[in-house]
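Asks: Here is how the chains run, residue by residue.
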Amino acid sequence: MSLDIAIRKTLRSDDRHFELDVTIVSEQRRVVLFGPSGSGKSLTLRAVAGLLTPDAGRVRVDGRVLYDSASRIDLPARLRDVAYVYQDYALFPHLTVAQNIAFGLDRGWLNPRRRQRDARAQRWLDSLELGDVADSYPSRISGGQRQRVALARALATEPRIVVLDEPFAALDPALRGRMRAELLALQQRLDLQLMVITHDPADVEALDGHTFEIRDGRVVGTPAVARSWDDARLS
Amino acid sequence: MGAIWVPLALTLKVALWATAINLVLGVAVAYGLSRWRSPARELVDSILTLPLVLPPTVLGYYLLVLLGRRGVFGAWLDRLGIELVFTWQGAVIASTLVAFPLVQKAARAAFDAVDPQLESAARVLGLREAAVFFRVSLPLAARGITAGALLAFARALGEFGATLMIAGNLPGRTQTLSVAIYAAVQAGDDGTAGIMVAVTSATCVIALLLAGWLAPDHLRRSRP
Numbered sequence: 001m002s003l004d005i006a007i008r009k010t011l012r013s014d015d016r017h018f019e020l021d022v023t024i025v026s027e028q029r030r031v032v033l034f035g036p037s038g039s040g041k042s043l044t045l046r047a048v049a050g051l052l053t054p055d056a057g058r059v060r061v062d063g064r065v066l067y068d069s070a071s072r073i074d075l076p077a078r079l080r081d082v083a084y085v086y087q088d089y090a091l092f093p094h095l096t097v098a099q100n101i102a103f104g105l106d107r108g109w110l111n112p113r114r115r116q117r118d119a120r121a122q123r124w125l126d127s128l129e130l131g132d133v134a135d136s137y138p139s140r141i142s143g144g145q146r147q148r149v150a151l152a153r154a155l156a157t158e159p160r161i162v163v164l165d166e167p168f169a170a171l172d173p174a175l176r177g178r179m180r181a182e183l184l185a186l187q188q189r190l191d192l193q194l195m196v197i198t199h200d201p202a203d204v205e206a207l208d209g210h211t212f213e214i215r216d217g218r219v220v221g222t223p224a225v226a227r228s229w230d231d232a233r234l235s
Numbered sequence: 001m002g003a004i005w006v007p008l009a010l011t012l013k014v015a016l017w018a019t020a021i022n023l024v025l026g027v028a029v030a031y032g033l034s035r036w037r038s039p040a041r042e043l044v045d046s047i048l049t050l051p052l053v054l055p056p057t058v059l060g061y062y063l064l065v066l067l068g069r070r071g072v073f074g075a076w077l078d079r080l081g082i083e084l085v086f087t088w089q090g091a092v093i094a095s096t097l098v099a100f101p102l103v104q105k106a107a108r109a110a111f112d113a114v115d116p117q118l119e120s121a122a123r124v125l126g127l128r129e130a131a132v133f134f135r136v137s138l139p140l141a142a143r144g145i146t147a148g149a150l151l152a153f154a155r156a157l158g159e160f161g162a163t164l165m166i167a168g169n170l171p172g173r174t175q176t177l178s179v180a181i182y183a184a185v186q187a188g189d190d191g192t193a194g195i196m197v198a199v200t201s202a203t204c205v206i207a208l209l210l211a212g213w214l215a216p217d218h219l220r221r222s223r224p
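Protein sequence lines correspond, in order, to chains A and B. What the first sequence shows, in our numbering, is residues 1 to 235, in sequence order. What the second sequence shows, in our numbering, is residues 1 to 224, in sequence order.
The hints are simulated quantities; they were obtained by calculation from the structure and are not laboratory data. We treat Cβ as the ideally placed atom computed from N, Cα and C, and that holds for glycine. Honestly, I wouldn't trust all of these hints.
Unchecked claim - Some chain A residues flagged as far from chain B (calculated, every beta-carbon gap over 10 Å): (1) H17; (2) A56; (3) A83; (4) D88; (5) A119; (6) Q145; (7) R153; (8) M179.
Stated by the list, open to error - Cut-off 25 Å, straight-line C-alpha distance, at most; resulting in silico cross-link-like pairs (SDA-like, lysine to any residue): (9) K13(B) - Q89(B); (10) K105(B) - H94(A); (11) K13(B) - V185(B); (12) K105(B) - W36(B); (13) K13(B) - S38(B); (14) K105(B) - P93(A).
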């Protein structure tokens, strides 16, 4: 079983009370969590990555237990082999593109050197066509290039699963279609385990994976084709 | 000229030591406070800011009570053969205490401004907390910390009250520039006092200009 997630978490703040209770079990390599913002998709992703501790439940990826409240297993984020691609990419602004990609390859106290280039980082630079901007800082490159850097940085550590938080939301519409195709091609070429969250029905359609529709902290269905929120409200 | 060089060299030595100590201490405390989730946090922050508002003579008095030969730590240090009262090391402690909030405040603001998502990203990429600090938090806060350190250096250069209380006014040994200026004026040596005033002012202006140039909002996105 490639993905086995069941988590419960209650969040309380002064005026808000949110209950997350989702179960996601899938054998497919592309899993999509689809739902409006505030539905609990990002919380689920954070729990998989180890950035949020659920109240109870389990998280298993390819049979490996990352979290299990029953047997008190809770691996820290750094040991989970989960790569996280943030919505706004979270590239390190003080490091060049090449340094960003090599970031997770050495886990010591020093950042990768600007002049030295790791062969593995170089391979990712080449395969994602980032060679020309290798020595640029993230603030100086385009949105599409930023996303490729975020992907390369995530993939360079050879993770068991890549989770992507609204990967196309920060891109302009013209670029969105191209990056969807790129991600899909990369997933198929490397046989990556992906978990993508999105609020955009077009993403659901393009990724064509096992889709879970989430609302108010719960899985409400596994639609083959997602309706947009307006359609759903009208019907 | 010796009348100026000796206190100038001593002042620079004391101010550099005080700044170096504060860089380690102030940054460590600031990072701890920035990450500490507790209602007591602001209280601790206020107490640590006290040296900024208390009269330096009051700080000097506290130091004498603590570090003097009959003081709480003083007696203990005395047994180890360490003497801080009327020594340049005592002046370093006075300057460190007075300048501490300047580094701590600047570093705290700089750490608070670091996007927590970047630190999370580093953890997910496999880094331990110490590595996250040295590779992400510290470099991103470095500019703010440096600006604070330069302010602290300028403040330490001009330290008078607390230094006089604990280190005294021993020419060649504990007489820093600001204390020497006071002594020169008292002795009616206006010429020497004037030159020392000019040297101190110029050094402080340079430090402040550098601090302003390194201030976090300036040059933020102009990295090559």
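Asks: The structure should be examined with respect to each hint, and the outcome stated for every one.
Replies: Each hint, compared with the structure:
1. Under the 10 Å C-beta cut-off, the non-interface status given to H17(A) relative to chain B holds; the minimum distance is some 21 Å.
2. Non-interface call for A56(A) relative to chain B: holds, since the shortest CB-CB distance, roughly 23 Å, exceeds 10 Å.
3. Not every Cβ of chain B is farther than 10 Å from the Cβ of A83(A); the closest lies at roughly 7 Å, contradicting the non-interface assignment.
4. Chain B draws D88(A) into its interface by the beta-carbon criterion, the shortest separation being 8 Å against a cut-off of 10 Å.
5. Even its closest Cβ contact with chain B, about 18 Å, leaves A119(A) beyond 10 Å, as expected for a residue assigned away from the interface.
6. Once the 10 Å rule is applied to beta carbons, Q145(A) is consistent with being away from chain B; the minimum gap is 17 Å.
7. For R153(A), the condition that its CB be more than 10 Å from all CB atoms of chain B is violated, with the nearest at approximately 7 Å.
8. At roughly 20 Å, the least C-beta separation between M179(A) and chain B is larger than 10 Å, which holds for a residue marked as non-interface.
9. Taking the CA atoms of K13(B) and Q89(B), the gap is about 10 Å. The hint holds against a cut of 25 Å.
10. Annotation: proposed proximity of K105(B) to H94(A) holds, straight-line Cα distance about 22 Å (limit 25 Å).
11. For a cut-off of 25 Å, the pair hint linking K13(B) to V185(B) stands: about 23 Å separates their Cα positions.
12. Distance restraint check for K105(B) and W36(B): the Cα-Cα separation of roughly 15 Å lies within the 25 Å cut-off, and the hinted pair is therefore satisfied.
13. With a C-alpha separation of about 38 Å, the suggested pairing of K13(B) with S38(B) is violated against the 25 Å cut-off.
14. Simply put, K105(B) and P93(A) have alpha-carbon atoms about 23 Å apart, close enough for the 25 Å limit, and the pair holds.
Hint violations for this structure: numbers 3, 4, 7, 13, all remaining hints satisfied.
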